[in-house]
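What follows is the residue order along each chain.
Number of protein chains: 2
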Amino acid sequence: MIALPPNPPAIILVRPQLGMNIGAVARAMLNFGLTDLRLVSPRDGWPNPDAGPSASGADSVIAAARVHDSLADAIADCHFTIGTAMTTRDMTRRVTAPAGAVAEIRALPGRSALLFGPERTGLVREDLLHCHAICTIPSNPDFGSLNLAQAVAVLGYAWVMTHDPPPPSWLVNHDGPAAQAELAGLIAAMEGQLAANGFFNPAPGLADTARRMLRNIFTRPGFTGAEVQFLRGVVRGLASPRRPPQ
Amino acid sequence: MIALPPNPPAIILVRPQLGMNIGAVARAMLNFGLTDLRLVSPRDGWPNPDAGPSASGADSVIAAARVHDSLADAIADCHFTIGTAMTTRDMTRRVTAPAGAVAEIRALPGRSALLFGPERTGLVREDLLHCHAICTIPSNPDFGSLNLAQAVAVLGYAWVMTHDPPPPSWLVNHDGPAAQAELAGLIAAMEGQLAANGFFNPAPGLADTARRMLRNIFTRPGFTGAEVQFLRGVVRGLASPRRPPQ
Chain A
6 MIALPPNPPA IILVRPQLGM NIGAVARAML NFGLTDLRLV SPRDGWPNPD
56 AGPSASGADS VIAAARVHDS LADAIADCHF TIGTAMTTRD MTRRVTAPAG
106 AVAEIRALPG RSALLFGPER TGLVREDLLH CHAICTIPSN PDFGSLNLAQ
156 AVAVLGYAWV MTHDPPPPSW LVNHDGPAAQ AELAGLIAAM EGQLAANGFF
206 NPAPGLADTA RRMLRNIFTR PGFTGAEVQF LRGVVRGLAS PRRPPQ
Chain B
6 MIALPPNPPA IILVRPQLGM NIGAVARAML NFGLTDLRLV SPRDGWPNPD
56 AGPSASGADS VIAAARVHDS LADAIADCHF TIGTAMTTRD MTRRVTAPAG
106 AVAEIRALPG RSALLFGPER TGLVREDLLH CHAICTIPSN PDFGSLNLAQ
156 AVAVLGYAWV MTHDPPPPSW LVNHDGPAAQ AELAGLIAAM EGQLAANGFF
206 NPAPGLADTA RRMLRNIFTR PGFTGAEVQF LRGVVRGLAS PRRPPQ
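Chains A and B, in that order, are what the protein sequence lines are. In this text, residue positions in the first sequence follow the numbering used here: the first is 6, and each later residue adds one. In this text, residue positions in the second sequence follow the numbering used here: the first is 6, and each later residue adds one.
Worth flagging that the hints you see were computed from the coordinates, not collected in a lab. Given the structure is predicted, the values throughout are model-derived calculations rather than measurements. For glycine and all other residues, C-beta sits at the position ideal for the given N, C-alpha and C. Do not rely on the hints blindly, as some may be mistaken.
To give an idea of the interface, some chain B residues facing chain A are shown, with a C-beta separation under 7 angstroms as derived from the structure [claimed, not checked]: (1) Leu23; (2) Asn36; (3) Ala102; (4) Gly105; (5) Val165; (6) Val177; (7) His179.
Sample of chain A residues lacking proximity to chain B, with all beta carbon distances greater than 12 angstroms (derived) [unchecked claim]: (8) Asp49; (9) Gly50; (10) Pro54; (11) Ala69; (12) Ala77; (13) Arg116; (14) Leu188; (15) Gly190; (16) Ala193; (17) Ala208; (18) Ala212; (19) Arg220; (20) Gly238.
With these hints in hand, go ahead and build the complete structure from the sequences.
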């Protein structure tokens, strides 16, 4: 349904602490078409058996992950580097929101990198000095620290949205609205039954209002032909007991 | 820095399986200003000691969570209900992307609900029948199933972005670019030193190109006054050994 954008950025985890989180990052990456995972000095070494279960099937990302001793080595082939961080660590720095960060990555021809820091501290100043810009995920000022894999998921989502973003809303499994004649038949059947039951009698001035409301309510959803037929059966069913099968 | 949108939706976890995931959901919720957590028939009961650690401090959300026996009960006070799902389960259904879903929630005055299904199956057809619309997070067609808390994080991020979304990029801790005279002084100092060293001699036709490149390179970053002064020192430092302190 969705097309994945070309030339996705590398995801670089700088000094990640928990294998479980590395696996969860791999899953989030593959969810959004990101496959180039690089680990800078993972605390517990690599491979890490804790990564597998939380990867939940994203084994290809785990298997292809590369380990580097330094951040400089990890980003050597990258032409554009963005570090995710909640602050600029007092440095003069260009800050982007996720949508802006991935839009810049989309616009550049070379390989880009998105950096994520250790769980406890995030990226430190020495890491951010390698970055062309900083990406800050807008969050609660009083509780802003995101889980590592959730931060990757947010950026991954923003990345996918750079490519043919879907319209705000669309209908699925819909044959299209019934012809107006079918809809008119339904409404006429309802009106007929309602009129026979005296529904429009008590306040003649309100009868037109009621008829307009009936039409509005049943026109707005765009019922399909099959649904209109079904509703005619419902109207009959409401009006009288079903005849037993002959 | 960021203002949280008013009237946030309730987050409803339908038959959640793992306490760890419920805790991770609570953390993601509070990260994005969502506090109304409702659990429909959590598999392992409630409270669940596994939720605390992964909540990572979002204890207020955990403590305020309400448990319901049925989805109908959980959404009884909600006027607009959106179920997150990868498919419409063959039903005719209006589907939204996350940005569209939260935009609709923002536009409505009453309380809204965002539903998330069990880890293994997601929301089933009977759940989706309670929903006005379905929200599908765009993802890899070959690996589309998101972790529960990561899905909540993506929707939470989209929710925060409905309120005064930040510009694509902005500068932080920046005093503003230096006056052009300061910058011209730096460039003149560089040109002077380079000319003294014969930098512009070999190909006179290229000297103007080199001068333009120099000006372009040092104008584009918008260096502050302090940075321009520092760079003047760098130019001197490159040209000659530092005099020892007297």
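Against the structure, the hints:
1. Leu23: Violated. Min distance 11 angstroms.
2. Asn36: holds (5 angstroms)
3. Ala102: holds (4 angstroms)
4. Gly105: holds (3 angstroms)
5. Val165: holds (5 angstroms)
6. Val177: holds (5 angstroms)
7. His179: holds (5 angstroms)
8. Asp49: The claim holds: aspartate 49 of chain A sits with its nearest Cβ about 18 angstroms from chain B, beyond 12 angstroms.
9. Gly50: holds (23 angstroms)
10. Pro54: Its Cβ never comes within 12 angstroms of chain B, the nearest being 18 angstroms, so this holds.
11. Ala69: Consistent with the label, alanine 69 of chain A stays out of reach of chain B, its closest Cβ about 14 angstroms off (over 12 angstroms).
12. Ala77: holds (21 angstroms)
13. Arg116: holds (20 angstroms)
14. Leu188: Consistent with the label, leucine 188 of chain A stays out of reach of chain B, its closest Cβ about 16 angstroms off (over 12 angstroms).
15. Gly190: Holds, because the least Cβ-Cβ distance between glycine 190 of chain A and chain B comes to about 20 angstroms, which exceeds 12 angstroms.
16. Ala193: holds (24 angstroms)
17. Ala208: Nearest chain B Cβ is 29 angstroms from alanine 208 of chain A, so the label holds.
18. Ala212: Per Cβ check, alanine 212 of chain A is outside 12 angstroms of chain B; nearest 29 angstroms; holds.
19. Arg220: holds (21 angstroms)
20. Gly238: Holds, since 17 angstroms exceeds 12 angstroms.
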